[in-house]
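2 protein chains.
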Amino acid sequence: MTTPPGVSSSDFAAAIRQFADAVGEQWVFTSDEDVSTYRDAYSPMWGEADEKVASAAVAPETVEQIQQIVRVANRYSIPLYPISTGRNLAYGGSAPVYSGSVVLDLKRMNKILDVNEDQAYALVEPGVSYFDLYRHIREKGLKLWIDCPDPGWGSLIGNALDHGAGRTPLPYRDHFGAHCGMEVVLANGEVVRTGMGALPTAETWQHFQYGVGPWVDGLFSQSNLGIVTKMGFWLLPEPEASMTGQISVPRHDDAVELVRILGKLAFQGIVNCVFSVQSPVFGGPLDTEKSALLDRPGGGSGEEWDRYAASQGRPFWQTELRFYGPLKVIEAQWEHVKEQLAAIDGVRFTDGSVIRFPLTDEEVGRLADPGSLGIPSLSVFSSLEGSSGHLDASPMLPYSGETLLEAHKVFMKLFRDAGVPLLLGFAMSYHWRAFIMFQSINLTRDPAHMAKARSLYAQVIEVASDHGWGIYRSHAAFMDAVMDRYSFNDHSLLRMNETLKDALDPNGILSAGRYGIWPKHLRRERA
Amino acid sequence: MTTPPGVSSSDFAAAIRQFADAVGEQWVFTSDEDVSTYRDAYSPMWGEADEKVASAAVAPETVEQIQQIVRVANRYSIPLYPISTGRNLAYGGSAPVYSGSVVLDLKRMNKILDVNEDQAYALVEPGVSYFDLYRHIREKGLKLWIDCPDPGWGSLIGNALDHGAGRTPLPYRDHFGAHCGMEVVLANGEVVRTGMGALPTAETWQHFQYGVGPWVDGLFSQSNLGIVTKMGFWLLPEPEASMTGQISVPRHDDAVELVRILGKLAFQGIVNCVFSVQSPVFGGPLDTEKSALLDRPGGGSGEEWDRYAASQGRPFWQTELRFYGPLKVIEAQWEHVKEQLAAIDGVRFTDGSVIRFPLTDEEVGRLADPGSLGIPSLSVFSSLEGSSGHLDASPMLPYSGETLLEAHKVFMKLFRDAGVPLLLGFAMSYHWRAFIMFQSINLTRDPAHMAKARSLYAQVIEVASDHGWGIYRSHAAFMDAVMDRYSFNDHSLLRMNETLKDALDPNGILSAGRYGIWPKHLRRERA
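Residue numbers (the working numbering), protein chains in the order written: chain A, 2 to 528; chain B, 2 to 528.
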């Protein structure tokens, strides 16, 4: 049995015994075989000495059991690493940030506690997956949609706490933004309810986010300050219909007006879908002419790129919009979008098909893109065949065509210099007002390839940060590197977070190192 | 000169001198006349021994001056009470929660730091009022709307931090929800930037709220954990048009379907205005027949109320919706609303007028309700003539007609038993998914009347809390009473907030008592 660093074998054995007393022998995992199931399948250090691995795992079923576990962990200074369903692939999976931690696996806490159709919300435990909630709603025949990321096997709570997003309208696809009310077990074992939930018999725990006094919910996202055991989510009442429309514009510089107008429409709520501003030119196959352009100082002028695009017969930019709502409303929205974009010379529009709801199971099965309708699937994995996973760096850009053009040049050059093909050419409007421009780096389990992938990921962090395009979410292996760039005023935000950590988790038992926040005893060691 | 409790005259004099060194003599106020301008004009204890009053005030102009003031306050244990513009009327105005505090008046920090038209945001200091920002936008001819509360003289930052709301579409009218990025001076004098602002040269400080790691912004709302010195706000690009539509339904029990359908439409974003579900029957004049009904056990049945409403020729419930956007979209939305509500027997619709933007100054001057178009005014004060102010208790209700009916009965009985006329009969959808059912209690400066108003306010808190209808915001004099009801698990949320307070403000210099959070030394004293 591996023991956590700094914990004696006898203390660890005692803690494991007491975990078993709390949850039952069969829910404590210490064998290599069992513990290896918590490895990060997409680890960029797979099989190497630095791979972050757990020492054991414990899977409670109730809040009271979590409280007992936390008390034991405080007693013996055992580092715990809570996960919901552990599906945070590309960002660390179910493996701890601090090797030797005991994974606190909440998959057994999988109760859907409340789904209210008229008031359109759900209250769930951390082990509830998007599939679970979707099936529940479907079986009960409720006219509600969920919003899910790709893939759909993850936990609603886990994804929201990591600031994940899906693809239905706002506010729903901003999973943390559309949560309402939490229950949290603190490191000292106390159970806290946030927002209106602090009022016993509250009638608006899932209705009004802030409650009274400081709104503390954000503290428990991307952090290690508590264990979230319940969380409410707002749901979208099933719309009448949905419809797509495609847009393309011909020229390199058209990105500027395209993004400016789409931004305005999004801020007005007229465009309310995720849209991906894609370049079939930048993103298309690499031929000699394109290579030559990329190798020019500055990466090619607008005119040069326009000539290249014309020779290829490709529009420079394209996007697809999806509308959700009563058919006459969404038709009017699409018409307005066309009017606004008509200002761009050479813009083309293609009307997509209309889907009316509800759908039968058979119709659901035939959908090409279920995620855009809040239907969870695993279809995203079909595009990843042949690799052992990927690392996602995710810089955030403003809605600015100028910035989008600059970012394409910067990242294309970075990947080209590193000799790595880049699946680039798009920025997605997942969150309210920023594009995520994913830099996806494929992984294999070849040590040399992993080293190269790690080095490239580190460079993406540096280059993106240098340009002011902050990374919003990081793989566990790079959290320190990412946080290091959030350094305003000599890292005052990090130091404040450390103050909060010391106050709420004085023994540092929860998720050491998560998002760069280390407990006091490890902070000293690392410095 | 009054001194803060527990501070010697010599220490206080030294602190005042050092405040003057920091900001200049003329920006430190100690005379009775000057200090009295910080009294709460709507205090329910006006002129009484318990009235909360300041000992002095200091008005810095820069972040560096605030840092100096905070250091002096730590040195001499001076309680500070930061205000933005001090216009939080009905909730305490500019007077401290803890008598003897020095008001830290941020009105001189009134710079509009950035307004970006394409990206539709503003970055402001605490002294910037809704009027200031509105005038700036108007003068520059920017096609942007702000969202303002009634009245419009308050601070954007102050109002957002108190979870205030206005009346244009979501997300904009949820002022805290539509903020993006903060700069905060902590009690130890450190300056922290939150969200993407922690990344030097960030390009998305006003675009992406969460940044990386724990999202701490909520800690600084309704609290006393830091002094917010900059805050970004998302703005709505000016819509093409706006249009209203009135709805009435005839019967008492129609509240159930009316609210259910309006809720669904709001959750879908088809209705995106503030709507006030009003009862001209409950809210209308009190005649003998109505008095008799109210005196029945249970407050009258639905049938009895329907007979009364019919005899008065009044519909039981009514509401006005406002739509914002391209004319063809909002016409389609209103049409859809009518179709959905047609299920209610006897429903009536009246089409309102259409306003097209932009408006000339003259057209703005003629508007009956500028606030619904994001135009600040002071017109709300015209309805308050003859009183010395009012106290607002603000319980939150779910979107449920059953609850709305019950709440009307409960509060009408409460006010009737107290012998106080109640301006009731409406619930407003200011926030995303909850009604605020304001209980407005008029104030005069007659001690007997104030005592009665205080007692009634305290009763409203208790009765609302008993029913699970939590109060979202409170007058300074009642913050302890309100927070006392948020008692889940032996007040675990309050105890956690106290832990945060002790960690971030160990000397307890900031806003002692705000929203029930007291520094350690006063907590012990009070217990």
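Careful, some of the hints might be misleading.
[What the hints assert, rightly or not] Computed cross-link-like contacts, BS3-like style, restricted to lysine-lysine with a CA-CA straight-line distance of at most 30 Å:
#: 1; chain 1: A; residue 1: LYS141; chain 2: B; residue 2: LYS339
#: 2; chain 1: B; residue 1: LYS453; chain 2: B; residue 2: LYS410
#: 3; chain 1: A; residue 1: LYS329; chain 2: B; residue 2: LYS329
#: 4; chain 1: B; residue 1: LYS410; chain 2: A; residue 2: LYS339
#: 5; chain 1: A; residue 1: LYS265; chain 2: B; residue 2: LYS453
#: 6; chain 1: A; residue 1: LYS414; chain 2: A; residue 2: LYS339
#: 7; chain 1: B; residue 1: LYS144; chain 2: A; residue 2: LYS329
#: 8; chain 1: A; residue 1: LYS144; chain 2: A; residue 2: LYS291
#: 9; chain 1: B; residue 1: LYS141; chain 2: A; residue 2: LYS339
#: 10; chain 1: B; residue 1: LYS265; chain 2: B; residue 2: LYS112
#: 11; chain 1: A; residue 1: LYS339; chain 2: B; residue 2: LYS339
#: 12; chain 1: A; residue 1: LYS414; chain 2: A; residue 2: LYS291
#: 13; chain 1: B; residue 1: LYS414; chain 2: B; residue 2: LYS291
#: 14; chain 1: A; residue 1: LYS453; chain 2: A; residue 2: LYS291
#: 15; chain 1: A; residue 1: LYS339; chain 2: B; residue 2: LYS329
By construction, these hints were calculated from the structure, which means they are not laboratory data.
Hints and how they fare:
Note on LYS141(A) and LYS339(B): the hinted pairing holds, with a Cα-Cα distance of about 28 Å set against a maximum of 30 Å. A C-alpha spacing of about 21 Å is found between LYS453(B) and LYS410(B), which places the hinted pair at or below 30 Å, so the restraint holds. Only pairs whose Cα atoms come within 30 Å are accepted, and LYS329(A) paired with LYS329(B) is accepted, the gap being roughly 9 Å. For a cut-off of 30 Å, the pair hint linking LYS410(B) to LYS339(A) is broken: about 51 Å separates their Cα positions.
For the given pair, LYS265(A) sits about 51 Å from LYS453(B) by alpha-carbon distance, which is inconsistent with the 30 Å threshold. Restraint check for LYS414(A) and LYS339(A): not satisfied, since their Cα atoms lie roughly 34 Å apart, outside the 30 Å limit. Proposed proximity of LYS144(B) and LYS329(A) is supported: the alpha carbons are some 27 Å apart, at most 30 Å. With a C-alpha separation of about 49 Å, the suggested pairing of LYS144(A) with LYS291(A) is violated against the 30 Å cut-off.
With a C-alpha separation of about 28 Å, the suggested pairing of LYS141(B) with LYS339(A) holds against the 30 Å cut-off. Distance check on the hinted pair: LYS265(B) and LYS112(B) sit about 41 Å apart at the alpha-carbon level, beyond 30 Å; violated. At roughly 27 Å between alpha-carbon atoms, LYS339(A) and LYS339(B) fall within 30 Å of each other, so this suggested pair holds. Taking the CA atoms of LYS414(A) and LYS291(A), the gap is about 12 Å. The hint holds against a cut of 30 Å.
Distance hint between LYS414(B) and LYS291(B) is fulfilled; the C-alpha atoms sit about 12 Å from each other, no more than 30 Å. For the suggested pair LYS453(A) and LYS291(A), the alpha carbons sit about 24 Å apart, so the restraint of at most 30 Å is met. At most 30 Å may separate the alpha-carbon atoms for a hinted pair to count; LYS339(A) and LYS329(B) meet this at roughly 13 Å.
Against the hints set out earlier in the document, violations occur for numbers 4, 5, 6, 8, 10.
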